[in-house]
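Construct the entire structure; sequences and hints are all you get.
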Amino acid sequence: MKFNADEIASVIQAEIENYNSQVDVREVGTVLEVGDGIARVYGLSGIMAGEMVQFPSGTIGLAFNLEENSVGVIILGEYLDIQEGDEVKALGTLLSVPVGEAVMGRVMDPLGNPLDGKGPIKTNESRPVETMAPGVAGRQPVREPLQTGIKAIDAMTPIGRGQRELIIGDRKTGKTAVAVDAILNQKDSGVKCFYVAIGQKESSVAAVVKVLEDHGAMEYTAVIVSGASAPAPLQYIAPYAGTAMAEYFMYKGEHALIVYDDLSKQATAYRELSLLMRRPPGREAYPGDVFYCHSRLLERSAKLSDELGGGSLTSLPIIETQEGEVSAYIPTNVISITDGQIYLQPDLFFKGIRPAMNVGISVSRVGGSAQVKAMKDKRVAGGLRLALAAFRELEAFAQLGTDLDAATQSRLDRGYRMVELLKQGQYKPMDVVDQIMVIYAGNGGYLDKVPTTKVQAWEAGFLQFVKDQRPKLRQQLKEQQALSDELVKELDQAIADFQKQFKPA
Amino acid sequence: MAEHAENISTRFDPGQEHLGEVYAKALLGATEKTGTSDAVVAEFESLVEDVLNKLPALRETLFSLRVSHDDKLALLDKAFRGRMSEQLLNFLKVLSRHHRLSSIGPILNAAKKRLNQLRGRVEVFVTTAAPISNQLLETIDAKLVAMLGKQVIINTSVAPDLLGGLVVRVGDTVYDSSLATQLQKMRTVALEHTEQKIRQSLGRFVGVDSEQRSSNP
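From first to last, the protein sequence lines stand for chains D and P.
What the first sequence shows, in our numbering, is residues 1 to 505, in sequence order.
What the second sequence shows, in our numbering, is residues 1 to 217, in sequence order.
One thing to keep in mind: the hints can contain errors.
[To be verified] Counterexamples of contact, computed for chain D against chain P with all Cβ distances above 12 Å:
{"id": "1", "residue": "LYS2"}
{"id": "2", "residue": "TYR42"}
{"id": "3", "residue": "ASN69"}
{"id": "4", "residue": "LYS89"}
{"id": "5", "residue": "THR131"}
{"id": "6", "residue": "GLU144"}
{"id": "7", "residue": "ARG171"}
{"id": "8", "residue": "GLY174"}
{"id": "9", "residue": "ARG283"}
[Unchecked claim] Computed, partial: chain P to chain D, Cβ under 10 Å:
{"id": "10", "residue": "ASP13"}
{"id": "11", "residue": "GLU17"}
{"id": "12", "residue": "ASP77"}
{"id": "13", "residue": "LYS78"}
{"id": "14", "residue": "ALA79"}
{"id": "15", "residue": "PHE80"}
{"id": "16", "residue": "ARG81"}
{"id": "17", "residue": "ARG83"}
{"id": "18", "residue": "ASN90"}
{"id": "19", "residue": "ASN109"}
{"id": "20", "residue": "LYS112"}
{"id": "21", "residue": "GLY171"}
{"id": "22", "residue": "VAL174"}
{"id": "23", "residue": "TYR175"}
{"id": "24", "residue": "ASP176"}
{"id": "25", "residue": "THR181"}
Worth flagging that the hints you see were computed from the coordinates, not collected in a lab.
No residue lacks a Cβ here, since even glycine has one placed at the ideal position from N, Cα and C.
If you want it as structure tokens, here you go:
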């Protein structure tokens, strides 16, 4: 491409001719000390907490600590070129990030600067990073389902739009996989997705972005990255920045989903900042307001009232535990803030039960009211959670090797098959109609005669069978979203027909 | 610490600054009662600038923690009795008793600031690219008095990289009409607007031979 230099020169000339000079009035301070992503500044006597400041290199900072003799500033960016004695300018505004449709499909840092090499983000709109959560009058109860496409979750710990569901577990238990599957399943649902990576390896983030791209999910997803090498201030503000971008859609009456991966790293970054700022440490050396740090973030996820447009923001915060220790400080905090948790366990993961969800202690406190009616039906997933929990107890007992009566044995067989049925491959979200049909089949005992190892083959075959030969049944179930007696009859018939042709090889 | 500095330290230390304010408040509290504040502060300034800065040996002796309080008292009496106001001498003795003689620099700064405040005066720093004429200084003075509604003390300095215009600093607020800043600002604004215009109507800027491809920069 060849640019016309004369045209550009004429535009610049016009700019210079029309430039009207004004006296530049600014409030300033002087850098006393700088290092580790923070600076101590003397002066700036009129600055307010959270206000933006600018260093001579153009780097932005935030007034974090207002003290008697100095101001503690967190530096959002490169701090190595800031020196003692530099002039710091107060900007008189709060930190804000670009929002709007233009951010979708992009990979950005927490300040909204593109990282994906696809050019600038073209939008005129922005939102402050820190905003108040909607109040009591601005909300309504969660009532629409947010389908994650994962059988175990949609059946037993359903998530509603506007809910906060914690994903918690040790390292390498598939926490990110659950969240990514949930994002993949939002295709065609109109839900805008945001993935906030905090303190993650850049390679893992690149892998997630690749998966999203390969499955066509980047079209409705934005990724906000502050990697493990980013300074602590950026890791600290990343979730707030992501939430601001997602809130834009909520207040527009649309639906959004945000994944914070993960909040334990954000808490660590906040602890680092607070200790550098000499705020007093509390339990596990976290500052006293680390609870507020998470609660004010997660409170911004909401289902808005109809007057405000009825939009919603669902959040899936992730917390990594050490050796399954859920009673540590940050996990207990976030468990108490969220509306339920999905607990992933390494032993289940290594047994091949994936997603490795521990059904007994995973709960959803509000999603049940948003679950699809057919799924909640007693003949499908209603009571499945308790049945599975009972099965686990029975299984532990059966391992003692005693002779079992026929009734117990049959309950065990049913349990094994349900566990097998709830296994699901990664990046293979399943439509809720399919989920209902296979769970109905398992719960109704139609799989009891199928060998455990063939359950997954049966499932795949059955779904294909319905799709090819009973499209009407599938269509009706999709429209009605409830199990009428007629539909149950048809479903029974379909299962019986398929049983005849299914031959476990 | 100040002991190692060439002159009485100008290095900034918020702790020392706070200390200075406390002692300055006490000193001026005493001198205001007798109405001798202006004289004492002027004397204090002269002591620091004309005596302590010029006689490093005396300074180090007074600042040193190894020299006992009694020896310092004797030294102070011998050197200054009769040549300085009783109030300032007493103040120095108090400083010696509290081992705070080394903080004399920040104390002087704070005392000057506080006296200005009491008298309704504001210290203003004016920086220009070239030395400033007295006539211009008077105009600036008159303008500032009208603007701030207070008497002003003008400190001038010269910084050639401003290119032209002047920078006035009152407290933490800077009024900057320097050429350097103006050019910098003009540069950012012109760049931004030109970039916007190029993005809006790319065809206008792209040569004839590649007009077909103009949709994607």
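Does the nearest C-beta of chain D fall within a distance shorter than 10 Å of the C-beta of GLU17 of chain P?
Holds: closest Cβ of chain D sits about 6 Å from GLU17 of chain P, inside 10 Å.
Beyond 12 Å from each Cβ of chain P, as asserted for TYR42 of chain D
Violated, because the least Cβ-Cβ distance between TYR42 of chain D and chain P comes to about 6 Å, which does not exceed 12 Å.
Answer holds if the nearest beta-carbon of chain D is closer than 10 Å to that of TYR175 of chain P; otherwise answer violated.
It holds, given that the least Cβ distance between TYR175 of chain P and chain D is near 5 Å, below 10 Å.
Let me know if the C-beta of ASP13 of chain P comes in closer than 10 Å to any C-beta of chain D, holds or violated.
holds (8 Å)
With chain D as the partner, please determine if ASN90 of chain P meets the hint condition of a C-beta pair closer than 10 Å.
violated (28 Å)
Is the Cβ of ASN69 of chain D more than 12 Å away from each Cβ in chain P?
violated (4 Å)
Using 10 Å as the Cβ threshold, decide whether PHE80 of chain P counts as touching chain D.
violated (32 Å)
Status of the hint placing LYS78 of chain P at chain D (closest C-beta pair under 10 Å):
Violated, because the Cβ-Cβ distance from LYS78 of chain P to chain D comes to roughly 37 Å (cut-off 10 Å).
Does the interface hint hold: is LYS112 of chain P within less than 10 Å of chain D, judged Cβ to Cβ?
violated (17 Å)
Taking 12 Å as the cut and beta carbons as the points, is LYS89 of chain D off the interface with chain P?
LYS89 of chain D not clear of chain P: closest Cβ-Cβ about 8 Å, inside 12 Å.
Chain D contact restraint on GLY171 of chain P - CB to CB distance below 10 Å
This interface hint holds because 7 Å falls under the 10 Å limit.
Would the hint on THR181 of chain P stand, with a C-beta cut-off of 10 Å toward chain D?
holds (5 Å)
The earlier numbered hints that this structure contradicts are 1, 2, 3, 4, 12, 13, 14, 15, 16, 17, 18, 19 and 20.
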